[in-house]
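Student: Given next are the chains, with one letter for each unit.
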Amino acid sequence: MNVFKKEMKANVTSLIIWCCAQVFIIYAGMMKYQGFADSNVDMSKLMAGFPKEIMLIFGVGSVDLTKVAGFYSVFFLYFMLLAAIHAVMFGAVAVSREERDHCADFLYTKPIRRFQIIMPKLIAGVINILIFNMVTFGASVFFISLHNNGDGLFSQVSVTMLALFILQLFFLALGAMFGAVLKNTKLATSVSGACILGFFLVSVAVDLYDKLAFLEIITPFKYFEGSTLMIDEQLSFPSAVILLIVSLILFTLTFFAFNKRDLKT
Amino acid sequence: MNILKQELRMGRKSLIIWCLSLAGILMLFMLLYPSISSQLEDFQKVFKSFPIEFQQALGVVNLQLDSILSYYQFPFTYILLAGAVQAMNMGVAVISSEVREKTGDFLFVKPVTRNRIVSMKILAVLVQILITNAFVFATALILVTILSTKPYNVGLFVLITCSLLFIQIFFASLGLFISAFLRRIRTVLPISMGVVFIFYIIFLLNETLKDEKLGLISPFGYFDLSELSKTMNYDSLYLLLWFVLVGLFVFLTFRLFARKDLPSI
Chain A
1 MNVFKKEMKA
11 NVTSLIIWCC
21 AQVFIIYAGM
31 MKYQGFADSN
41 VDMSKLMAGF
51 PKEIMLIFGV
61 GSVDLTKVAG
71 FYSVFFLYFM
81 LLAAIHAVMF
91 GAVAVSREER
101 DHCADFLYTK
111 PIRRFQIIMP
121 KLIAGVINIL
131 IFNMVTFGAS
141 VFFISLHNNG
151 DGLFSQVSVT
161 MLALFILQLF
171 FLALGAMFGA
181 VLKNTKLATS
191 VSGACILGFF
201 LVSVAVDLYD
211 KLAFLEIITP
221 FKYFEGSTLM
231 IDEQLSFPSA
241 VILLIVSLIL
251 FTLTFFAFNK
261 RDLKT
Chain B
1 MNILKQELRM
11 GRKSLIIWCL
21 SLAGILMLFM
31 LLYPSISSQL
41 EDFQKVFKSF
51 PIEFQQALGV
61 VNLQLDSILS
71 YYQFPFTYIL
81 LAGAVQAMNM
91 GVAVISSEVR
101 EKTGDFLFVK
111 PVTRNRIVSM
121 KILAVLVQIL
131 ITNAFVFATA
141 LILVTILSTK
151 PYNVGLFVLI
161 TCSLLFIQIF
171 FASLGLFISA
181 FLRRIRTVLP
191 ISMGVVFIFY
201 IIFLLNETLK
211 DEKLGLISPF
221 GYFDLSELSK
231 TMNYDSLYLL
241 LWFVLVGLFV
251 FLTFRLFARK
261 DLPSI
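For the protein sequence lines, the chains are A and B, in the order given. Take 1 as the starting number for the first sequence in full-length UniProt numbering and just add one per residue. Take 1 as the starting number for the second sequence in full-length UniProt numbering and just add one per residue.
It is possible that some hints are incorrect.
Unchecked claim - BS3-like, lysine-lysine: derived pairs with alpha carbons at most 27 Å apart: (1) A:K183 / A:K260; (2) A:K32 / B:K230; (3) A:K264 / B:K13; (4) B:K13 / A:K110; (5) A:K183 / A:K264; (6) A:K183 / A:K9.
The set of hints was computed from the structure by calculation and includes no laboratory data.
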């Protein structure tokens with residue numbers, strides 16, 4: 001319990017900053033939505049005339065930007081990126097922090113098992129990403145309802161946030177695994193950061209050139225589509241299962257690796 | 001001089017990794033060009049028939065897709081993103097590492113002024129940024145020359161490629177300022193990656209929204225590549241703003257750091 005409390009307290013400032021950034025992005029984005037709604041162009045009719053591949057390349061697919069749900073679905077990519085960075089860094093730092101701050105000598109000589117240290121840290125991580133998720137959720141519903149005659153699209157946004165949470169969980173696990181396996185915090189955060197950039201660039205390359213579609217499987221950013229979540233209210237079930245199983249494996253790896261870890265003093 | 005040499009020696013390994021990965025990203029994306037260049041010309045016809053709002057939303061206003069440079073600016077956006085992370089990393093790390101690694105107690109008691117230490121460190125960052133840029137420039141020049149079937153506009157190529165230098169210097173100075181401003185920085189990458197990606201997302205958002213005020217926030221918008229290929233020059237207002245901000249950040253770094261209370265062991 002003490003480890004948990006300490007971990008929460010250590011991250012409270014960064015969590016607040018992250019949440020503020022997220023709220024600002026949603027606010028700034030939705031503020032300008034009105035301009036689109038007023039342009040009154042029937043996007044779906046326009047799109048129907050063109051080959052679908054062309055639109056897919058520019059990442060719009062069949063999304064109607066003049067509808068609030070379609071407009072909001074574009075944000076999902078941004079949420080994924082920010083949430084992924086937040087979660088992966090949290091995981092990597094939380095697990096390896098004690099050695100960096102030279103507190104390991106004190107913490108790990110206490111009469112508790114390593115398992116009892118790493119567990120509360122990871123639970124604190126889950127709580128942190130959950131708060132981040134809930135703030136995104138609240139801000140989204142609030143700003144959408146401002147521009148949609150009071151209707152916040154509650155159910156669509158909740159499906160989207162569920163997808164986001166699964167992704168966050170995956171990235172938290174990935175970060176924690178790197179934190180446990182790699183030598184120090186610096187290395188763990190660098191590798192985690194490289195992973196995010198790599199995943200992101202692969203997802204861009206897949207959009208660009210359709211023959212690379214087989215690469216979709218390796219980048220989590222391609223597991224969920226903003227438009228299917230927001231418009232069809234559908235959560236891709238196989239994607240969710242794969243991500244959850246991989247997260248579970250990564251968490252288990254974290255525990256094993258951490259138990260065997262040679263702690264630097 | 002010793003400080004400069006030592007900094008460069010310490011940063012050598014990560015500099016090499018960064019240069020190679022930036023060149024690698026560029027190479028991967030540019031090698032896709034031959035296979036999609038034929039499609040690109042079809043796209044242009046399609047986009048021309050869109051209403052202007054949607055051309056703006058997709059970022060395809062006045063897009064000239066028949067030259068290799070119009071494709072080149074697309075992967076280069078991601079080079080700017082990655083390069084910004086690199087530069088900000090260096091900026092945040094270069095001064096704060098002394099405190100973090102507890103070497104400040106040795107360095108800051110030497111008979112050199114703090115200002116001299118800071119200027120040497122800034123110089124080291126600048127040298128590394130210049131090396132990165134030279135490397136990326138050479139790689140890009142080779143790739144574009146090999147892949148281009150028609151002669152291309154060399155002036156525009158130089159403009160696009162040099163925007164990396166401006167972006168990197170901006171983020172490095174922002175990083176320096178943050179590191180002088182915060183009392184103690186424990187891990188560099190969460191800060192630098194968070195800040196860079198938030199700016200990047202604001203820029204992406206503004207690609208769709210084209211809001212003047214929002215454009216002033218994100219430095220990625222100062223060197224908007226699609227804008228660049230239209231006007232064939234950097235926007236003088238943004239260039240001025242860039243200059244003022246960089247100057248301000250560097251000035252504040254000296255100011256704040258000279259009076260900073262450095263925590264010791």
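Student: The structure should be examined with respect to each hint, and the outcome stated for every one.
Tutor: Here is what the structure says about each hint:
1. This hinted pair checks out: K183 (chain A) and K260 (chain A) have alpha carbons roughly 13 Å apart, not beyond 27 Å.
2. Between K32 (chain A) and K230 (chain B) the CA atoms are separated by roughly 25 Å; this keeps the pair inside 27 Å, and the hint holds.
3. For a cut-off of 27 Å, the pair hint linking K264 (chain A) to K13 (chain B) stands: about 23 Å separates their Cα positions.
4. Under the criterion of a C-alpha separation no larger than 27 Å, the hint pairing K13 (chain B) with K110 (chain A) is inconsistent with the structure, at around 38 Å.
5. Taking the CA atoms of K183 (chain A) and K264 (chain A), the gap is about 9 Å. The hint holds against a cut of 27 Å.
6. This hinted pair checks out: K183 (chain A) and K9 (chain A) have alpha carbons roughly 25 Å apart, not beyond 27 Å.
Checked against the numbered hints given earlier, the structure breaks only hint 4 and satisfies all the rest.
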